[in-house]
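We have chain P; now place chain A onto it with these hints.
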Amino acid sequence: MAPRLKIAIVEQDEDRARLIVDGLSAAGDYDITVLGDATSLTRRLAAIDPDVVLIDIADPSRDALEMLSLASGARERPVAMFVDRSDDETTRAAIEAGLSAYVVDGLAPARIKPVMDAAIARFNMVSQMKSELDAVKSALAERKIVDRAKGLLMQARGISEDEAYTLLRRTAMGQGRKLADVAQALVTAAELLK
Amino acid sequence: MSLEPVRCGFIPLVDCAPLAVARDLGFAAEEGIALILEKQPSWSALRDALVFGLTDCAHMLSPVPVAMSLGLGGLPTRIDALMVLSVNGNVIGVRPEIAAAMRADGWSGRFDDPRGTGEHLIRATGGALRLAVPFPFSMHAELVYHWLGALGVSAPGGLDMRTVPPPLMPRALARGEIDAFCVGEPWGSYAVEQGSGELILPGAAIWAFAPEKVLAARHDWVETNPDTAGRLMRALARASRWLSDRGNRAMAGDLLSRPEYLDVPPMIIDRALAGRIITARRGLEAEAPNFLHFHAKAATFPWRSQAAWIASNIARRTGLDRGEAIATGKRAFRSDLYRRNLAPLGIDMPGASEKLEGSLRRAEAVASSRGHMILGPDSFFDETVFDPDTP
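Chain order of the listed sequences is P and A.
Note that full-length UniProt numbering numbers the first sequence so that position 28 is 28, with each residue one more than the last.
Note that full-length UniProt numbering numbers the second sequence so that position 208 is 208, with each residue one more than the last.
Pulled out of the complex, with its shape left as it was, chain A reads as follows:
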């Protein structure tokens, strides 16, 4: 049987793992798909390749399909998020000089204290923090806005938010052009290895369950290729399950380290996969719970309430009508297709497609199609609870 080629754009990051695993461990082929992975030079290039049909699908920042549904960024095109590929996985880092200033001021150096660390960072940068994220529409940007906003700092007054491509971040830090960054692994650990950065907080400490990357495709492609889309989703769901097995971690790290993927030594990649982060050169290893999920806690389910949270934040910053933005944004997360295509795989489905974001402070069992599933924690550090129905 000949395989159906499906072209997928990706950015070299640890969280492209489900795609690499689906291709190289045969999950895609089992579904009759020849997965062709195309490394992209930037998020805008990845998006444009998808929009122009040079690729069929993409490893995309979760806020991008939502922003595009609101007419922001790139060409007006309807892009669907078919499933979540990863939850959490970002880190916040600073120049070593800033970390030293924070310590001199009494910072504990703990990796799990968003409030204390944030307050020290704000003090150390004297109310003029220059922070880089990889893309304007990204979970990185959303997490930073939420974190610093809750501590009383917002753009443009106290926060100078910039866009810097991850490979250029160490240089921007070294030249003193930025004070801090929020980036996906392995680039945070890479900055530590180079001595240009020190990691101060995992993204998961700000929001314990943040949808990071999604599998995105053009809405019209999904409509005209429903069967292919379904098989692709099943292949990736199997790859995610494979990744959640601790015993497969070393192999996943080796796979990702290959030149066609990250081209970074596996010892740097393993940190994110294991949630054990070395925060400074010659520094200690910090245990980071919930650092990165591919499968556990229904990680792959595209909750409409996650899209609503993203849409609500973008609307507030860009002056769009919040209620309308939420209604539009929600449609980009295709929980309907997820249910239809993955139920045959025996994947447990939550009872609803929306939840109160931030309401679970610890793991809890909730009703699901097969009885009970474990969700959470999904809390925000400042105890925000987002209700998608009362904007």
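Bound-form chain P, shown alone:
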């Protein structure tokens, strides 16, 4: 039987890393290492000597991994960016999920495929969670700014909270702008006039 595949995951966010590790562990028996710190990445990777390296496409330290594909020393194993032209579907799915993978040359596609599939599924899940989190955060931020704008209007014009809100909303609709944008403009202007 072939030895366990060694997989290295480059990911600074601990929660994301854990999600990816869990997904891979569920898919098979792998020897997984997480590299959380981007510094001296290549040296540490050389020490681990993984078969597969998984990294977020948007991670700027990806460029350091490009060095791996140039390793030409006798003891170093050549690494290719995963993307087997014969499996365009997996490649495209990986790119769309924001995943890039570096795979040691000569590894059988049948051994890589389950790793890629599991990693793609997790990367998709992680990015979906991130966009949901971002949406919640921005909704919170919007509510705060609208509250501040309402407060300013109530104070300046001596109107009720409901009236202030209606005024903001009517202005936004009249100008074809978002409520939060109008509120932000008001808050900014008030700060300038202070």
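No wet-lab data here; the hints were simulated from the structure.
Treat the hints with care, since some could be wrong.
What the hints assert, rightly or not - Below, in silico cross-link-like pairs of lysine to any residue (SDA-like), each with a Cα-Cα straight-line distance of 20 Å or less:
no., chain 1, residue 1, chain 2, residue 2
1, A, LYS297, P, ILE95
2, P, LYS113, A, LYS39
3, A, LYS39, P, ALA58
4, A, LYS39, P, GLY176
5, A, LYS297, P, ALA58
Claimed, not checked - Every beta carbon over 12 Å from chain A, so not counted as near; a handful from chain P, in silico:
no., residue
6, ASP63
7, LEU65
8, GLY98
9, LYS113
10, GLY176
11, GLU191
Backbone N, C-alpha and C fix where the C-beta goes; we use that ideal spot for every residue, glycine too.
This is chain A only, laid out in the frame that chain P set:
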């Protein structure tokens, strides 16, 4: 008339200016193009987006199309360099402790002395220099190999060359993981402002005319969209000409400082645009001639001899056949398309598409399609002359 969308990947650097100007000052729209600029997180991501067709073209390190034509780096894909977007513009910096050690050893602190500065740097790091560049296939790497190689230091023995993304370089310097870096502006000046680095040499002092970024596109895209490629090239040629006007510098700096581009204060960006570099915190301003060209001296022309020089160096380091690598690499620089697409714009064309790289020690007038054009200097600090025909 509706505009044709063209998607272009770029990395936030001062030398993405022609793209920003082409979009925001309307040069692209004049050619019927809606230029969509997509900021990329890394050079490998920029390359992959181009290869997979997520973008149509890209602001690319000049050695990348050559390396890819040799089958190195990323997926085997034929990428063409349609024109040069910028010449020079890199700086070499060190940790302030290293600069101090160099001074204590009698270094002049001059910004225009590649030999003296290089020798002091080698001495100060005791023959084990750790130097970071942004990408393995980059003019940064080529310049450093050439510079230190001429001074007797080469990788892997005396030189530990690393890849560090520019935004992480100040941190790598501060933590003492690297001694020096070669990086494109504004990141060198940014390290100075942060107090993590001191600049010791402009790239132009090593090679006075180094093609830095190119406009790259997939060969098959260029073949199937010849008209679009031509209009894009004309828009960028006009943007480059606009950038060469001193009067437009302040506006270019303001434009680049915007969040969608560099998100760095214009006062830091202006240094590269004006070639006046502040080398150390609270330091003096150094005049750096030929620091960065967008247009002057036929800067946008993709000389096949430039591609040959890059291919020759990569071949030597990776053990490829040099003659074959040069022949293959040259094809990636499309001087033929440049002539075809930009001649109608009245742009002056050189008589040949290859030259002896490094032969001009000062500016000289040479024969061109419209009479004479000024080229040079393009010399190497060690007086190397590269003849693309005698590898």
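Cross-check of the supplied hints:
Restraint check for LYS297 of chain A and ILE95 of chain P: not satisfied, since their Cα atoms lie roughly 40 Å apart, outside the 20 Å limit. For the hint linking LYS113 of chain P to LYS39 of chain A, the alpha-carbon distance of about 31 Å lies beyond 20 Å, and the restraint is violated. Under the criterion of a C-alpha separation no larger than 20 Å, the hint pairing LYS39 of chain A with ALA58 of chain P is consistent with the structure, at around 11 Å. At roughly 29 Å between alpha-carbon atoms, LYS39 of chain A and GLY176 of chain P are farther apart than 20 Å, so this suggested pair is violated.
Between LYS297 of chain A and ALA58 of chain P the CA atoms are separated by roughly 37 Å; this puts the pair beyond 20 Å, and the hint is violated. Remark: the non-interface label on ASP63 of chain P conflicts with the geometry, its nearest Cβ contact in chain A lying 5 Å away (cut-off 12 Å). At roughly 7 Å from the closest C-beta of chain A, the C-beta of LEU65 of chain P falls inside 12 Å, breaking its exclusion from the interface. At the 12 Å boundary, the C-beta of GLY98 of chain P falls inside the reach of chain A, the nearest C-beta of that chain being 10 Å off.
No beta-carbon of chain A comes within 12 Å of the beta-carbon of LYS113 of chain P; the shortest separation is about 18 Å. Interface exclusion of GLY176 of chain P from chain A stands, the closest Cβ pair being 23 Å apart, more than 12 Å. Every C-beta of chain A lies more than 12 Å from that of GLU191 of chain P, the closest at about 20 Å, which supports listing it as non-interface.
Checked against the numbered hints above, the structure breaks hints 1, 2, 4, 5, 6, 7, 8 and satisfies the rest.
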